[in-house]
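Undergrad: Please construct the entire structure, taking both the sequences and the accompanying hints into account.
As a plain string of letters, each chain reads:
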Amino acid sequence: MRIRRVSAIPVRVPRTARFLPKTAHGEVMASEYVLLEIEADNGAVGLGEVTCSPRWNGEEAAGTVALVHGPLGQALKGLDPSSWPGISACLDTAFTARPFLRAAIEMACLDLVARHYEQSAAQLLGGVCRDQIATKFVLPARDPRLVRAMAEDLAGTGVRVVKVKVGTGADGDIARVSAVRSALGPGVTITVDANEGWQPEEARRILANLDHLGVAAVEQPLSRAAWTASAGLRTLSSAAIVGDESIWTLPDVFRSAQTGAFDMVSLYPGKCGGLRATLVMAQSAAALGLGVTFGSNLELGVGAAALAHVIAASPVLSPLVPADLIGPLYFESSLITDQSFIGWGTAAVPAGAGLGVRLDADAVAKYRTDR
Amino acid sequence: MKITDIETIPVVVPLSPERMIRGARGAHDRSPFLIVRVHTDEGLAGLGEVSCTPRWSGEDAVTARHVCDAYLKPSLLGQDPADVERLSGVMGQAIVGHHFTKAAVEMALWDLLGKALAVPVYRLLGGQIRPGARTKFSVTAAEPSRSAAVARWACEQGFTAMKVKVGTSLPDDVARVAAVRDAIGADVRLGVDANGGWTRATAAAAVAPLAAAQVAFIEQPVPARDLPGMADVRHRSSVPVVADESVGVPEDAQDVVQAAAADVLSVYVGMAGGIGAARRVAAVASSAGAGWTIGSNLELGIGLAAHIHLAVSTPGLDDERVPCDIISTFYYDDDLLVQPLPIRAGWAQPPTGPGLGVEIDEDKLAHYRSDD
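Which chain is which? The protein sequence lines are A and B, in order.
Under our numbering, the first residue of the first sequence is numbered 1, with each subsequent residue one higher.
Under our numbering, the first residue of the second sequence is numbered 372, with each subsequent residue one higher.
Any given hint might turn out to be false.
[Said to hold, decoys possible] Label pairs and their computed distance ranges (CB to CB): (1) P713(B) x P251(A): 35 to 45 Å; (2) P388(B) x G232(A): 55 to 65 Å; (3) P686(B) x G260(A): 29 to 39 Å; (4) V461(B) x G127(A): 42 to 52 Å; (5) G232(A) x P686(B): 31 to 41 Å; (6) T228(A) x D558(B): 41 to 51 Å; (7) A579(B) x R204(A): 47 to 57 Å; (8) A453(B) x D362(A): 44 to 54 Å; (9) R5(A) x D705(B): 29 to 39 Å; (10) D454(B) x V28(A): 24 to 34 Å; (11) D440(B) x T337(A): 28 to 38 Å; (12) A17(A) x D705(B): 54 to 64 Å.
To be clear, the hints were calculated from the coordinates, so they are not data collected in a lab.
Note that CB positions come from ideal geometry on N, CA and C, so glycine has one too.
TA: Take a look at the structure:
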């Protein structure tokens, strides 16, 4: 089997107004992605998805598309998609960084090869450890009354764990979490995500308040480079401190263990530069005594499917902090024909060979930005 | 004064075939860069250069152009270019990463400020504290006799310091270094640059044979992220270890000095994200007692000018132990400038005109532009 063609389709999909997404990094009304299709000489096609978030990961659609349709596509032609080492070495010569693009290419190769062998992607990643994935829902960093109403809206959906975005101002953050606790009662687990938004000195006060509210986990409280200060926070809170923006590579996992900056790390294929890379980091983290949870950069259907397969294949997974496998719920369309594998408090691995999802051609035509 | 436009011109300038560089990160035979012009309502224009090589900088001209058009220009239109520091922050908010691209716009802002005030950029950075910078040549990785011939050529041009690319196979690397040392004699200062291509074991094994060839410094022996590995080589070696790919933005410099991973840090305006950021990298190095020097991504004239202004105005330049790589003029047969920079073998001085002190030759720009 040899790669015959690689193509990239830039898309822009509006977020649903229902959950008005907002974090410490800002407010986003629509998101850009690049869909990848890798076709083999036997006609089989695999799908990949690149999350483009210029303000968060710096990868943007036009450059990504140009790279895929230019030197990268040329270099991949004729390579064996089932040989990841060969493909990986090729990628090393075509670009540096761009972990989300790297992950998308791996995703598409895996989809293609797994379909060919009539296996699921999770099986090719080492086998399935679970077929149900507990998830958490994410509430935006907005006015506490508004967020309270959204939390009330979740009642009856089956959501057992919510993550509240914070990091936009201490008083507002505390009020928002308090409003959510009030709306959902003591039976729902609450975590928060500050997206690097707090300063060390205010974090003490905020964490004390969050402890009173029974917050179970606090994600990326401080700036991604603040390893020592983050280690200091761990003694102040009974919540698990989770590293996200600090954790991109395996050396970052080692650094977490060495500095004691985090109790747990949040991993996902885009940020970690691949599905296999994510699994390696997960197992290393666990071996070093760190908890492992799976985060998100708000994937569409293909990206969410890939995340589901990785989580299914991971021998390690925190029972405390469910995955952020919810991306498709945030968009007008997830661009696949069937997103029913994503539920409101739980997700499944899409059934079938490969990633188990197919593009909805009409949706792609509607949201693509290159025609 | 207000910014009215950010114009981008992709160019491809070929290297002189005899002197193209091959190292552990691949071969560089042509430079597909992006020239940036920041236009204002007062008729002044600032010049910048995105010295983007996908395999080394991770940036490319197509992406750089799009980043300028879609993210940087909208955030800078109507702003006063004199607010260089503030506008650097604005660009940082607009998009993450893309340091070489942002650096091009930032250096153009310095150029504009200098032109508006009729002073050279080094004067804006605090004044000239040294007359110029010592420079070294970079000898490509090739089979020994070929590298030796290139090294000999560099001596003939007048270079008294150089580095040779290593970092693939140790026996080949050692043979190349020996051949180069043989060709240049004992008086030329000679270092090696592995571009992160050795493992820790190979780097450890390299120390003795390199010492036998009187190698005076070892640049980036192990991969960029392996700071403990860099520190390890430093402990084994009695000559300075230089961090190059390990250092981009000031936070990287902090990591390097905290890990005691290098004696000298290699600073780039592009990798840092601007002249201002590059000065902060230099300051981190100096405050930790480490030296710093200037690296090369084979910048064209505008990028080189930025490096020279940085080198002559910023404290702590360690150009005696590790001379700067301000050498691109020896690799290209042609450049985009009306007047060549005052660079000769082994020495670089700043141009004295206002701003960066360079002017684009429009005919050459038209000749080398790649978007028509």
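Undergrad: Within 44 to 54 Å or not, the Cβ separation of A453(B) and D362(A)?
TA: holds, 51 Å
Undergrad: Please check whether A17(A) and D705(B) have a Cβ separation lying inside 54 to 64 Å.
TA: Holds: the Cβ-Cβ distance is about 56 Å, inside 54 to 64 Å.
Undergrad: Assuming the hint says 35 to 45 Å, is it satisfied by the Cβ distance from P713(B) to P251(A) or not?
TA: holds, 42 Å
Undergrad: Evaluate the given range 41 to 51 Å for the C-beta pair formed by T228(A) and D558(B).
TA: holds, 47 Å
Undergrad: Assuming the hint says 29 to 39 Å, is it satisfied by the Cβ distance from R5(A) to D705(B) or not?
TA: holds, 38 Å
Undergrad: Evaluate the given range 24 to 34 Å for the C-beta pair formed by D454(B) and V28(A).
TA: About 27 Å separates the Cβ atoms of D454(B) and V28(A), which means 24 to 34 Å holds.
Undergrad: If I claimed the Cβ atoms of G232(A) and P686(B) lie 31 to 41 Å apart, would that claim hold in this structure?
TA: With Cβ atoms ~33 Å apart, the hint holds.
Undergrad: Starting from the range 55 to 65 Å, see whether the pair P388(B) and G232(A) falls in it by beta-carbon distance.
TA: Because 57 Å falls inside the window, the suggested range holds.
Undergrad: Taking the CB of P686(B) and the CB of G260(A), does the distance hold inside 29 to 39 Å?
TA: holds, 36 Å
Undergrad: Against the range 47 to 57 Å, how does the distance between the Cβ atoms of A579(B) and R204(A) compare: consistent or not?
TA: Holds, since A579(B) and R204(A) (Cβ atoms, about 52 Å apart) stay within the stated range.
Undergrad: Regarding V461(B) and G127(A), is the given constraint of 42 to 52 Å on their beta-carbon distance met?
TA: holds, 49 Å
Undergrad: For the pair D440(B) and T337(A), does the Cβ-Cβ distance stay inside 28 to 38 Å?
TA: The hint (28 to 38 Å, Cβ to Cβ) holds, given that D440(B) and T337(A) are roughly 35 Å apart.
Consistency note: the structure conflicts with none of the earlier hints.
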